[in-house]
Amino acid sequence: MEPIVILLLLGGLLVGATLLGFAWQVRQGRVSRQASSKLPGEVPLELLDAESNFTLLQFSGPFCSYCEAMRGVLSRAADNHPGVAGHREIDIQDYPELTSSLRISQTPTTLIVTHTGHVWSRIHGAAKPPVVEQEIQLAIASRKAASDEYLI
Amino acid sequence: MSTSSKAPIQIDPRGPRFGAGITAVALLVTMALALGQGAIGSTLAARATEPAFVLLAILSALFAWGAIAGVHKHPYGAVFKALIRPRLKAPLYLEATEPPTFAQLVGLLVAGTGVVLHLIGVPYGLVIAAAAAFIASFLNAVFGLCLGCEMYALLVRTRVITGSKPTS
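From first to last, the protein sequence lines stand for chains L and C.
If you're matching positions, the first sequence starts at 2 in this note's numbering and goes up one per residue.
If you're matching positions, the second sequence starts at -14 in this note's numbering and goes up one per residue.
Note that these hints are calculated values from the structure, not bench results.
Ideal Cβ placement from N, Cα and C applies to all residues, glycine included.
Some hints could be false.
Claimed, not checked - Label pairs and their computed distance ranges (CB to CB):
hint: 1; chain 1: C; residue 1: Gln22; chain 2: L; residue 2: Gly17; range: 35 to 41 Å
hint: 2; chain 1: L; residue 1: Ile7; chain 2: C; residue 2: Pro71; range: 36 to 42 Å
hint: 3; chain 1: L; residue 1: Pro131; chain 2: C; residue 2: Ala24; range: 23 to 29 Å
hint: 4; chain 1: C; residue 1: Pro76; chain 2: L; residue 2: Gly12; range: 18 to 24 Å
hint: 5; chain 1: C; residue 1: Arg72; chain 2: L; residue 2: Ser102; range: 43 to 49 Å
hint: 6; chain 1: C; residue 1: Leu139; chain 2: L; residue 2: Glu3; range: 36 to 42 Å
Using the sequences plus the hints, can you model the full thing?
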């Protein structure tokens, strides 16, 4: 094979891999919100922090590069919001049914769950502290809005 | 609060990424050598002595070293500790050794497939396996993405891997 063709092939591979990397990077720390009022909630109550309004439920796995980092981010976020947000971490191997029913396809995945077991939002992959803080604030605001509605 | 009960060995996450960088460059050289030589040898002995094959066999052996002994005992790790780590700031967080060790096993499976395909005389088998291994190690080195680790959660979700862990 001509050297120029080899160079083009390998260059193409390099560009393709770089694009893949950027595609992954953009998706890391992405948040999706889902409001469900199904009864009962999707998450069993025994997995939640009973003393908090919300639980930051982290799904970790045995082969997870960023679970350690995310554990630190989430536990600090929970410490900043005593009584409001608690941090719990579970291993996907221990809860295969839940992993499947909640469609957990990467570790870490963090669900922000209400005290009734409803998933409020989902953080895909590792996220920086401001992203977690923003989700907690939004969850608090939505809870307040809901309780105001109830009072009226 | 953490639910992990065992105390795993923790390493600087930049160590395995440094190793993946070396591997990625070596895989690029492997592919260039394989594509440059044209048709593969007609006899087993000829194929087993081609430079691209020898290089991929060495890389497979290094993957095996990492997968079996653990990534923290890999020779690249020693190079990182001696030459690179002293020049860097302290890491922001540490990483368990299991994810990068699992990645070494995935690397061994991919590179090993290339070795076997080449030995039985499949054209481009070596190049395609080296390309797949290159993508994974490049993503690991440059973006910190562990492709094998991402796959693992999907395998649990789709029940390919069952969560039957011995309860202790």
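Each hint, compared with the structure:
{"no.": "1", "hint": "C/Gln22 - L/Gly17: 35 to 41 Å", "verdict": "violated (24 Å)"}
{"no.": "2", "hint": "L/Ile7 - C/Pro71: 36 to 42 Å", "verdict": "holds (38 Å)"}
{"no.": "3", "hint": "L/Pro131 - C/Ala24: 23 to 29 Å", "verdict": "violated (56 Å)"}
{"no.": "4", "hint": "C/Pro76 - L/Gly12: 18 to 24 Å", "verdict": "violated (33 Å)"}
{"no.": "5", "hint": "C/Arg72 - L/Ser102: 43 to 49 Å", "verdict": "holds (47 Å)"}
{"no.": "6", "hint": "C/Leu139 - L/Glu3: 36 to 42 Å", "verdict": "holds (40 Å)"}
When the structure is compared with the earlier hints, violations turn up for hints 1, 3, 4 and for no others.
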